[in-house]
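*Asks:* The chain contents come next:
2 protein chains.
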Amino acid sequence: VHVSGGGVRAGIVVTGTEVLSGRVADRNGPWLADRLEELGVDLAHTTIVGDRREDMLAALRFMAVEGLDVVITSGGLGPTADDLTAEVVGEFQGRAMVLDEALEERIAEILRPLAERWPSLDMEALRTGNRKQAVIPRGATILDPVGTAPGLVVAPGESAPPGEGASPAKATPPRARVRPRGPTVVVLPGPPRELQPMWAAAVKTDALRAALAGAREYRRRMLRLFGIPESEIAETLRAAEREGVEMGRLEITTCLRRGEVEVVTRYEPDAEGVYEAFAAVVRERHADALFSEDGRSVDEQVAALLRGAGAERSLRIATAESCTGGLLAARLTELAGSSEYVRGGIVAYSNEAKVAQAGVAAEAIEREGAVSEVVARELARGARERLGADVGVGVTGIAGPGGGSEGKPVGLVWLSVAGPEGAELTRSVSLPGGRADVRDRATTVALHLVRRLLIGLGSRRG
Amino acid sequence: VHVSGGGVRAGIVVTGTEVLSGRVADRNGPWLADRLEELGVDLAHTTIVGDRREDMLAALRFMAVEGLDVVITSGGLGPTADDLTAEVVGEFQGRAMVLDEALEERIAEILRPLAERWPSLDMEALRTGNRKQAVIPRGATILDPVGTAPGLVVAPGESAPPGEGASPAKATPPRARVRPRGPTVVVLPGPPRELQPMWAAAVKTDALRAALAGAREYRRRMLRLFGIPESEIAETLRAAEREGVEMGRLEITTCLRRGEVEVVTRYEPDAEGVYEAFAAVVRERHADALFSEDGRSVDEQVAALLRGAGAERSLRIATAESCTGGLLAARLTELAGSSEYVRGGIVAYSNEAKVAQAGVAAEAIEREGAVSEVVARELARGARERLGADVGVGVTGIAGPGGGSEGKPVGLVWLSVAGPEGAELTRSVSLPGGRADVRDRATTVALHLVRRLLIGLGSRRG
Numbered sequence: 328v329h330v331s332g333g334g335v336r337a338g339i340v341v342t343g344t345e346v347l348s349g350r351v352a353d354r355n356g357p358w359l360a361d362r363l364e365e366l367g368v369d370l371a372h373t374t375i376v377g378d379r380r381e382d383m384l385a386a387l388r389f390m391a392v393e394g395l396d397v398v399i400t401s402g403g404l405g406p407t408a409d410d411l412t413a414e415v416v417g418e419f420q421g422r423a424m425v426l427d428e429a430l431e432e433r434i435a436e437i438l439r440p441l442a443e444r445w446p447s448l449d450m451e452a453l454r455t456g457n458r459k460q461a462v463i464p465r466g467a468t469i470l471d472p473v474g475t476a477p478g479l480v481v482a483p484g485e486s487a488p489p490g491e492g493a494s495p496a497k498a499t500p501p502r503a504r505v506r507p508r509g510p511t512v513v514v515l516p517g518p519p520r521e522l523q524p525m526w527a528a529a530v531k532t533d534a535l536r537a538a539l540a541g542a543r544e545y546r547r548r549m550l551r552l553f554g555i556p557e558s559e560i561a562e563t564l565r566a567a568e569r570e571g572v573e574m575g576r577l578e579i580t581t582c583l584r585r586g587e588v589e590v591v592t593r594y595e596p597d598a599e600g601v602y603e604a605f606a607a608v609v610r611e612r613h614a615d616a617l618f619s620e621d622g623r624s625v626d627e628q629v630a631a632l633l634r635g636a637g638a639e640r641s642l643r644i645a646t647a648e649s650c651t652g653g654l655l656a657a658r659l660t661e662l663a664g665s666s667e668y669v670r671g672g673i674v675a676y677s678n679e680a681k682v683a684q685a686g687v688a689a690e691a692i693e694r695e696g697a698v699s700e701v702v703a704r705e706l707a708r709g710a711r712e713r714l715g716a717d718v719g720v721g722v723t724g725i726a727g728p729g730g731g732s733e734g735k736p737v738g739l740v741w742l743s744v745a746g747p748e749g750a751e752l753t754r755s756v757s758l759p760g761g762r763a764d765v766r767d768r769a770t771t772v773a774l775h776l777v778r779r780l781l782i783g784l785g786s787r788r789g
Numbered sequence: 328v329h330v331s332g333g334g335v336r337a338g339i340v341v342t343g344t345e346v347l348s349g350r351v352a353d354r355n356g357p358w359l360a361d362r363l364e365e366l367g368v369d370l371a372h373t374t375i376v377g378d379r380r381e382d383m384l385a386a387l388r389f390m391a392v393e394g395l396d397v398v399i400t401s402g403g404l405g406p407t408a409d410d411l412t413a414e415v416v417g418e419f420q421g422r423a424m425v426l427d428e429a430l431e432e433r434i435a436e437i438l439r440p441l442a443e444r445w446p447s448l449d450m451e452a453l454r455t456g457n458r459k460q461a462v463i464p465r466g467a468t469i470l471d472p473v474g475t476a477p478g479l480v481v482a483p484g485e486s487a488p489p490g491e492g493a494s495p496a497k498a499t500p501p502r503a504r505v506r507p508r509g510p511t512v513v514v515l516p517g518p519p520r521e522l523q524p525m526w527a528a529a530v531k532t533d534a535l536r537a538a539l540a541g542a543r544e545y546r547r548r549m550l551r552l553f554g555i556p557e558s559e560i561a562e563t564l565r566a567a568e569r570e571g572v573e574m575g576r577l578e579i580t581t582c583l584r585r586g587e588v589e590v591v592t593r594y595e596p597d598a599e600g601v602y603e604a605f606a607a608v609v610r611e612r613h614a615d616a617l618f619s620e621d622g623r624s625v626d627e628q629v630a631a632l633l634r635g636a637g638a639e640r641s642l643r644i645a646t647a648e649s650c651t652g653g654l655l656a657a658r659l660t661e662l663a664g665s666s667e668y669v670r671g672g673i674v675a676y677s678n679e680a681k682v683a684q685a686g687v688a689a690e691a692i693e694r695e696g697a698v699s700e701v702v703a704r705e706l707a708r709g710a711r712e713r714l715g716a717d718v719g720v721g722v723t724g725i726a727g728p729g730g731g732s733e734g735k736p737v738g739l740v741w742l743s744v745a746g747p748e749g750a751e752l753t754r755s756v757s758l759p760g761g762r763a764d765v766r767d768r769a770t771t772v773a774l775h776l777v778r779r780l781l782i783g784l785g786s787r788r789g
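Listed in order, the protein sequences are those of chains A and B. Going by the numbering used here, the first sequence opens with residue 328, and the numbers climb by one from there. Going by the numbering used here, the second sequence opens with residue 328, and the numbers climb by one from there.
Looking at chain A on its own, in the form it has when it is part of the complex:
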């Protein structure tokens, strides 16, 4: 279900042989995709290319042929000869490369303390690299370095962009709008810590604002559901259509992520009522499964519930994990400020640790096995008591690939949450996938179980 694209279209060119080869995961493409969506810009293509001049030029020409208004590149701005992006973009835009002396001095200033700290550095190589980074396409807008590499906003030059003229765009009349001047290119460094603030600076430049003028405003909302298959949502979309919701005005994508179904809807502001009608259908059909209407993750909800709005003190949580091996504790402590409510945890990987550290009865393990309801429950109680917490979580399961049996196959996980005044929830799940999948999903299921118990506690207190 798609509405047609907005007024301004963009592409992303991620450069770097290490990204293309898959050795390094790209974090910039997804981040920039989010920023573009916020601006109401329609992202058409993300392309990953190695550090090769011809391939980078080809990717830029492709974006020009596709009639994109803005292209963002990441990477290839370092001091070495392999770092080609500024030069390739200059060539693409038909602009000569010139040394910007003020920029050279600015970079030298940044390097000075570094050079002092590493006296063994090759000063000549440093100066050469410094100068290279200050050679930019004539007329480009400079984005101040956050690291040592400056960014650039480069509008098309006087000469025609190389992507124009005879082109396969002719074959796709409905889409291809060869622009009069070609795209404006925003050139950003590869490290996310540098790229992110520099993008914020780029958006404020006149050059990029001009290219973005005409972007249509969109709203984006997310619903999160847990415990239903994705196909159920597909059926709900059809049901909403049948009930008369104007689904054609909503651009909806659904996806399954870490065991949860995410329903993301983008729409123009005047379709707010249509979205509300659609959300009401989801709410009605999936009351149990729908856990987030504001995009908040279960992690954030659990954190908020533990903190307790207006409560005198946070509820404290502790974990005792077997198959997840620390992942649940790691996920609980991922959020800044989690020391306020996380006491700690026990990774009870061996049976000895289950008994000695978490207080599980040895005969329970012997009688029922380490992966069993009773052991999950004793792990939860043990975590709670031993770590002096209000809420304890126990997880025990068979992550595989080995260790499965007919009665207890790989993927079987028992989970338990123990709260104050004997509140307790225990369940088993049968999770698909490999070892990493089972461990990850089990962590998500545990958080949902904690959330459910905490909501129950809240309503009981309320």
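The hints are simulated quantities; they were obtained by calculation from the structure and are not laboratory data. These numbers come from a predicted model, not from an experiment.
A partial selection of chain A residues facing chain B, derived with a Cβ cut-off under 8 Å:
(1) 352
(2) 356
(3) 360
(4) 386
(5) 389
(6) 580
(7) 670
(8) 728
Each residue gets a CB set at the ideal place from its N, CA and C atoms; glycine is no exception.
Starting from the structure of chain A, add chain B where the hints point.
*Replies:* Just chain B, lined up with the frame of chain A:
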């Protein structure tokens, strides 16, 4: 430093609005990149497009214009109308879409048990989707479904591929070789569990073998270093050149990943001697930092050292973590079979847990602070003793964003490893980046410290 590309060039088209928008990370592009490299095929471009017909066609045409021999697509093979890939590839290759009745029956068989398990499923929708998935480009080679979606190998049809004719390829004579027939397209489903075995099947088909004929054989080797900046390696590459190593015959990419420097070299088999000469230069200049010459990760090395070649029993390890909050235990238990040597761990997030669970002296925390040499050491000893392990690891630090002070800034982490017979290593590091970076890097540093202690133990015993 690059050698020119091999004889066969390929591109990857990842489809899916949820991938393009960044909500789901693409795992197929990197995995396929690895497989292509093994086959000696030169990957030129990976392009991510949404579920839009025009954008998918544009990406395929781009690959044709670039003269690629093989294009692999992932995703968009599901039963719904949004799943467009087979149809778009058929159009691109100039092949009519036809219903394959044997395939329809094959998919129906796969769906039967599913339909029986979910009696509420809409059978009419199921049949429609089943039939849609069996409509394929005429003459395509079918790859048996692993899930419900069949894959395809689609050679160019009789009519000229749409990417040919007038094209911007003219502007780049050195690279662009418009192929006589255009690329062969391999169409694979999006879920990695389905895509991976189906790629293995695709490689065995005549259609793909024909397209891959002429791929040049490459070798690929990886060196891993820890504890030096990436710039030092750049200097070593220059030094090797000065020492007469024919660096032009090696294609080397270096990258910094999780605090380690990876040096990946690709070369043709007859450059084996050149590679050996290069590796010798690295070995000589970075004896301390070079920890892996066979591509094995520090995780695998620690596992092997704990298992001990030919030892009577494995050494057992246990952890006591504060700032890493369970990540170290999770990483140690990531490997299948780790229950053989991982006893368990303590997540000593609160000071109370440090004292009660790990046996850290309360006055040590009071005197020196929770992030201190003495607390790291007591955590390591506590983990070892309390969990009955041979080796204990302690980690305590300031992950941020809050909690830093002038003397103990964010990023300061103390680590300690305690082994048998009083063997002990303790150090502090100052790690860059945000909360997630600090936690992740600290985990890596801990593993390297464990490795160092275990190697020391080994040589002492030897």
